[in-house]
Amino acid sequence: MEILYILIPLSIFLVAIAIFVFNWAVKSGQFDDLEGPAHSILFDDDKDMIPKEAQVDTNDDSQKKNHG
Amino acid sequence: MHTTSGHCYHCGESIPNGLNISLTIENKTHSFCCHGCSAVAQMITENGMEGFYKHRSQLSVTPQEIEETTQSELKIYDNPDLQKEFVFDFTHPESSTELKQATLIIEGITCAACIWLLENHINTNSGVNSFTINHTTQRATLCWSPSLVKLSDILLMVYQLGYKAHPYKANIEEEILAKERKKAIIRLGIAGFAMMQNMMFAIPLYVGMASGISDGFISLFRWVSLLVTTPVVLYAARPFFQAAIRDIKTRHLTMDVPVSLAIGIAYLSSAYITIFGGKDVYFDSVAMFTFFLLLGRFLEAQARLKSGQSIASLINLIPPSAIKIVNGSEVVISVKELKVGDLIRVKPATLIPADGIIHKGQSSIDESALTGEFMPVNKQANDNVTGGTSNVENPLDITITAVGANARISSIMRLLDRAQTEKPAVALIADKVASYFVAAVLIITASVFIFWWFQDQESAFSIALSVLVVTCPCALSLATPTALTAATSLLRSKGFLITRGHVLESLALTNELIFDKTGTLTKGQLVISQVVSNCDLNNSKLFSLASSLEQYSEHPIAKAFSNNHHYSADNISATPGGGIEGTINNHKYRIGHIGYAAQLLDNELSDRHLQTPDKGHWLALVSQEKLLGWFLIEDAIREESSLVINTLKQFGYGVSLLSGDQSESVFTTAKTLGIDTAIGGASPEDKLSYMQKQQGLNKNIIMVGDGLNDVPVMAGTQLSIAMGNANDLTKMKADAILLSSNLDTLLLALKTGKKTRKIIRQNLSWAIAYNLIALPLAATGMIPPYAAAIGMSASSLIVVCNAIRLNK
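Protein chains in written order, with the working numbering: chain H, 9 to 76; chain G, 21 to 828.
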């Protein structure tokens with residue numbers, strides 16, 4: 009059980025780091041807008057990064073209608 | 021291939037019959053309801069941002085076509101004197117270029133895709149350094165390089181996408197709130213971390229005490245807990261201590277006093293025990309207690325900040341500008357700099373900045389904000405105009421006769437101040453009760469401590485602490501604010517913005533509602549409600565003839581005639597205050613006031629024909645030969661007005677109509693809606709005295725209005741509600757704002773007010789019952805401090821959950 013004498017101070021040290029990082033995150037404005045980032049990740053346009061031959065245009069339902 | 025649905029691809033409005041505006045986007049053809057929508061869609065696709073239509077979760081707002089007046093208005097923001105008010109200089113840290121920064125309020129954002137679209141579009145401009153929109157506040161931060169692009173051009177880009185933007189300057193109060201918010205998050209984080217750590221060390225202590233652990237470990241756990249709890253007490257709990265000191269200075273007890281005592285004493289005694297040895301430490305209770313209290317306060321402050329921001333967004337804080345004529349050329353100056361005798365130019369569709377006399381020009385003035393009259397008044401040289409009214413169709417040159425305190429608007433403001441001081445104070449009772457309760461808690465705790473001191477010195481302290489924690493009036497003090505917060509946020513999401521604390525309570529107490537007419541029960545927009553043919557032409561043909569003439573006019577009446585014109589008219593001439601003359605297929609026609617229109621007639625007609633068909637405001641359409649027909653112009657009643665008034669009457673509310681409008685339409689409107697009490701032609705003074713008479717009859721009154729003339733009476737009522745389309749002053753002074761301008765929301769607000777009162781009563785009963793049960797148990801020493809902290813939290817949690825039911 010004597011290991012606790014090392015582990016507990018270690019955990020306190022980790023908590024101190026966590027609080028320091030949290031403090032920095034709040035001060036640098038990362039908590040100012042809590043809703044935006046959840047949406048904006050969906051809008052990153054990655055169309056250019058998809059190779060041409062792999063592109064499937066899900067929006068083009070006119071083709072389906074023509075076939076049917 | 022056309023989309024078969026008759027709805028606009030951009031905004032979702034139904035497409036008028038016969039209109040065919042379409043555009044091909046990503047190989048598909050889409051139809052639009054107006055050129056504005058198609059222009060925006062084209063702009064979006066040309067910039068390769070068609071993803072907008074894929075990602076958006078809400079339809080867009082129908083864009084209004086950008087008029088030349090808007091463009092010139094935006095140019096005003098380039099004026100360096102005006103920019104001083106809201107623009108900050110700043111140097112780019114890397115390239116060290118001189119940049120400017122401003123905060124903008126963006127109107128028309130419906131979902132996250134709008135933000136994406138705006139950010140991408142504005143950032144394509146090479147002069148824009150950065151443009152980001154905060155999703156929560158819907159405000160944009162813009163950095164641009166003034167040497168490359170003008171601010172007005174950037175604003176215009178926002179308008180081109182169908183949104184609106186205007187510069188914004190945060191007031192000091194709001195900046196402080198935002199700063200406090202950051203601190204509060206850090207405090208909450210520290211208390212949260214400390215709470216979790218303390219739990220971890222507390223459990224081995226409690227368990228170990230029973231099963232026996234070595235003194236070395238006990239000492240270790242205590243010292244570590246002390247270390248973790250110290251920042252909680254010194255930093256996280258600081259607001260409680262500060263408030264408690266303030267309370268003691270002002271001799272007004274609030275919950276902060278027992279809270280500070282509990283935290284302070286528990287911490288100090290635990291620290292003492294840690295150093296010198298003793299029975300129990302309470303670090304876990306301290307951290308948990310602080311965390312839960314901070315959480316409650318944070319949520320409450322959050323809700324307050326949000327409503328503060330929505331209110332601020334409504335009001336354009338940038339000082340209005342005026343165009344002064346100096347030696348024949350136009351100079352833009354701030355309204356504050358206007359002096360008596362200045363000659364100013366007022367462009368069409370802008371506000372007249374101060375009282376004055378028309379020097380040159382002829383135009384219609386919309387005085388509805390001041391008088392409630394829905395028809396614009398025709399004015400020409402040497403006529404008086406009042407500041408705050410708006411110029412409709414032609415530019416006017418005006419000589420200023422009164423500014424500041426002497427202006428007519430200021431006299432309304434003075435009336436307002438008087439009414440406000442007479443405003444009945446409703447609330448503050450709960451505050452007083454809490455103060456007595458706190459005093460009682462302190463006295464009981466002290467007596468319990470003294471009693472146990474003589475019985476059992478060892479446990480006297482822990483029992484007194486339990487009493488202090490368990491009876492902490494948390495549930496009691498959370499009972500009201502949580503319910504109010506839940507109801508406020510519910511109503512805000514439905515378009516009812518509460519700006520004063522007493523609104524929900526007043527809503528529950530109301531038994532009488534007074535409505536203004538123009539712009540409140542009616543839309544404040546003119547419509548043709550009746551067509552009477554006086555010849556062999558049918559009504560739609562007459563209407564089409566009239567529309568063809570009116571399409572060339574800027575007058576509000578012209579807007580009542582839709583774009584349903586099938587003829588092309590030429591030789592158009594408009595006579596302000598009279599009407600319009602034009603030639604269609606080589607026939608001369610006139611539409612307008614009968615006195616004006618009849619002048620076209622060759623032969624003298626009998627009086628019978630010249631008589632308007634009924635009471636009201638009729639326009640005559642004449643050809644050279646004869647009188648063709650009549651159009652009845654009315655201010656359209658809102659679709660929901662009738663149902664709302666009926667429902668209100670059903671629930672037993674008194675309803676009356678109080679309008680400054682002189683015309684007969686006050687009584688016809690009242691009759692249509694089934695309102696028994698209607699008073700027309702009332703001046704602001706009349707309105708105020710009527711309302712005071714009603715209050716004398718012990719009635720709790722809500723006044724719903726939109727005009728400047730309603731402001732004094734609104735200030736005097738228990739509760740005033742402004743329509744969303746009201747002017748800034750009215751909105752600023754109102755207790756609540758109906759953002760949606762939909763009267764249905766008023767019914768919801770009344771219902772929510774009643775429900776909130778019920779929930780508050782439940783919460784208070786529960787909190788009092790809890791305290792009555794817990795107090796004796798704690799005083800007899802049956803509750804250890806950690807259980808007291810859990811009990812306190814649980815009782816608060818129940819109160820919060822009950823309040824959240826309001827949101828359902």
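The reader is advised that the hints may include incorrect statements.
[To be verified] Derived lysine-lysine pairs resembling DSS-like cross-links, with alpha carbons at most 27 Å apart:
hint	chain 1	residue 1	chain 2	residue 2
1	H	35	G	514
2	G	199	G	269
3	G	367	G	543
4	G	367	G	380
5	H	35	G	778
6	G	120	G	104
7	G	719	G	184
8	G	199	H	35
9	H	35	G	202
10	G	719	G	778
11	G	95	G	74
[Stated by the list, open to error] Listed next, with one range per pair, are the computed distances between beta-carbon atoms:
hint	chain 1	residue 1	chain 2	residue 2	range
12	G	216	H	47	53 to 63 Å
13	G	146	H	36	43 to 53 Å
14	H	32	G	105	47 to 57 Å
15	H	21	G	146	23 to 33 Å
16	G	659	H	47	26 to 36 Å
17	H	24	G	113	26 to 36 Å
18	H	32	G	47	27 to 37 Å
These aren't lab readings, by the way, just hints derived from the structure by calculation. For clarity, every value in this text was computed on a predicted model and none was experimentally measured. Ideal placement from N, C-alpha and C gives every residue a C-beta, glycine not left out.
Next on the checklist: Checking one constraint from the list: CA of residue 35 of chain H to CA of residue 778 of chain G, max 27 Å. Satisfied?
Outcome noted: With a Cα-Cα distance of about 41 Å, the restraint between residue 35 of chain H and residue 778 of chain G is violated, given a limit of 27 Å.
Next on the checklist: Run the distance test for residue 35 of chain H versus residue 514 of chain G: straight-line Cα separation, threshold 27 Å.
Outcome noted: violated, 33 Å
Next on the checklist: Need the status of pair residue 199 of chain G, residue 269 of chain G: alpha-carbon distance at most 27 Å?
Outcome noted: Since the Cα atoms of residue 199 of chain G and residue 269 of chain G sit roughly 26 Å apart, the hinted pair holds (cutoff 27 Å).
Checklist entry - Falls inside 26 to 36 Å, the C-beta gap from residue 24 of chain H to residue 113 of chain G? => result With a Cβ separation near 30 Å, residue 24 of chain H and residue 113 of chain G satisfy 26 to 36 Å, so the hint holds.
Item to check | Range hint compliance [Cβ, residue 146 of chain G to residue 36 of chain H, 43 to 53 Å] | outcome: Given a distance of about 28 Å, which is not inside 43 to 53 Å, the answer is violated.
Checklist entry - Given the hinted pair residue 367 of chain G and residue 543 of chain G, is their alpha-carbon gap at most 27 Å? => result Cα-Cα ~25 Å, so holds.
Checklist entry - Holds or violated: are the alpha carbons of residue 199 of chain G and residue 35 of chain H at most 27 Å from each other? => result Holds, because 10 Å separates the two Cα atoms, which is no more than 27 Å.
Item to check | Cβ separation of residue 216 of chain G and residue 47 of chain H, checked against the hinted range 53 to 63 Å | outcome: violated, 31 Å
Checklist entry - Does residue 778 of chain G lie within 27 Å of residue 719 of chain G when you go C-alpha to C-alpha? => result holds, 21 Å
Next on the checklist: For the hint 47 to 57 Å, verify it against the beta carbon of residue 32 of chain H and that of residue 105 of chain G.
Outcome noted: Check failed, 33 Å falls outside 47 to 57 Å.
Checklist entry - Are residue 719 of chain G and residue 184 of chain G close enough, with their CA atoms no more than 27 Å apart? => result Status violated; Cα separation ~42 Å.
Checklist entry - Hey, residue 367 of chain G versus residue 380 of chain G, does the alpha-carbon distance stay inside 27 Å? => result Roughly 12 Å between the alpha carbons, so the hint for residue 367 of chain G and residue 380 of chain G holds.
When the structure is compared with the earlier hints, violations turn up for hints 1, 5, 7, 11, 12, 13, 14, 15, 18 and for no others.
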